Each structure stands twice: as C-alpha cells, then as structure tokens.
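Colleague: Build out the structure end to end from the sequences listed, making use of the hints.
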Amino acid sequence: MEINTYPSTSLRNILPRKPAAELRTLAKAYYVKGCSKMNKHDLAEAVCAELQVPERMEELLYVIDDPIWRMFQQAAGNPGVIRIREDELPACKALEALCYLQCKIEGDIPCIFIPDEVKTVFSNLVSGGFLVRKAHFDLMFKYAAAAVNLYGIIRQDDFVDLFN
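Residue numbers (numbering that gives the first Met the number 0): 0 to 163.
Worth flagging that the hints you see were computed from the coordinates, not collected in a lab. Fair warning: there could be bad hints in the mix.
Said to hold, decoys possible - Below, in silico cross-link-like pairs of lysine-lysine (PhoX-like), each with a Cα-Cα straight-line distance of 20 Å or less:
no.: 1; residue 1: Lys-27; residue 2: Lys-92
no.: 2; residue 1: Lys-17; residue 2: Lys-27
no.: 3; residue 1: Lys-103; residue 2: Lys-92
no.: 4; residue 1: Lys-17; residue 2: Lys-92
no.: 5; residue 1: Lys-39; residue 2: Lys-17
no.: 6; residue 1: Lys-27; residue 2: Lys-39
no.: 7; residue 1: Lys-92; residue 2: Lys-118
no.: 8; residue 1: Lys-17; residue 2: Lys-36
no.: 9; residue 1: Lys-118; residue 2: Lys-133
no.: 10; residue 1: Lys-17; residue 2: Lys-103
no.: 11; residue 1: Lys-103; residue 2: Lys-118
Just so we're clear, the structure is a prediction, and the values are computed from it rather than from any experiment.
Modeller: What follows is the structure in structure tokens.
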C-alpha cells in the first residue's frame, strides 16, 4: 500500500497532489458531469465539492464495518493524526481510496487523519443526529444478521415484528 506524506490536512491541498487519472476516476465515481474534459485543477475542485455532500458521507458511514467506524470516529475527533497498528492499514484502504481518510507514516508508525473538510461535514452530521440514526441502523443490521442465522430465511414482515 502506498502511504501518503501530505503536509496538510486540507482536501484543497491533498487532492491536487493526486494524479489526474486518479482524480478522474474519483470524479466518475462521484458522478461529476463533464469530468472527462476537466483539467487536473477542475477535477480536484469537483472531487473536493463532492466529498462535502453530507448525504453521500452519511450513506458511506452506514455501511462501513465496526473497526473502521471506530477508527473514523477517533480520527474525526482528533485535531491531528492518530496512530494505528500496521495490520489496521488494509481496513483503511477503502476510505482512503474515496479520500474520506488519509494514511501516512510518521517515523515507522502508520497514522491516519481525516481531512479538515470531511471533519466539518461529519461534525455537521453528528450535530444533526447522525449518531442516533447510525446506532439504530447498526442495531437493525445485527438483528437482521441474527434472524437470518437463526431462521435461514425470514420474511420482511416477520423481521419487522421481531425487531419491534
């Protein structure tokens, strides 16, 4: 895994350092119109804007697994970088590929940080009640997994009755 060595925690400084091809791939993934004709600067700006769409981040955070969710929360609440174990780096890869999280090496220690703009969006989600919604979603997911493990197949109506 290639580890970034960005001197800044701002997306506006991180994204322009990425290759144009990677920015174009991100722009396509975020459904940016006209990205195939954009120059590198415009691609970086478009991707930066898309990373600040609260609904997109909320959808992503609903589906990440518990270990990366805990790391994301810890990094979002920390003004600097947080140290992680070497074996935790692969779990960060998906969020790093989407630019919601950045990995770097300080000395020989792997670290992660959340870009400033992403922290702001996350903070706004939290103040809007996201953590309560996430906890409810996670509980529902655990109930669904347990019901499927117990019953094999379960009808939606039966699941709703069970959950309620």
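Colleague: Run the structure past the numbered hints and jot down the numbers of the failing ones, going up.
Modeller: none
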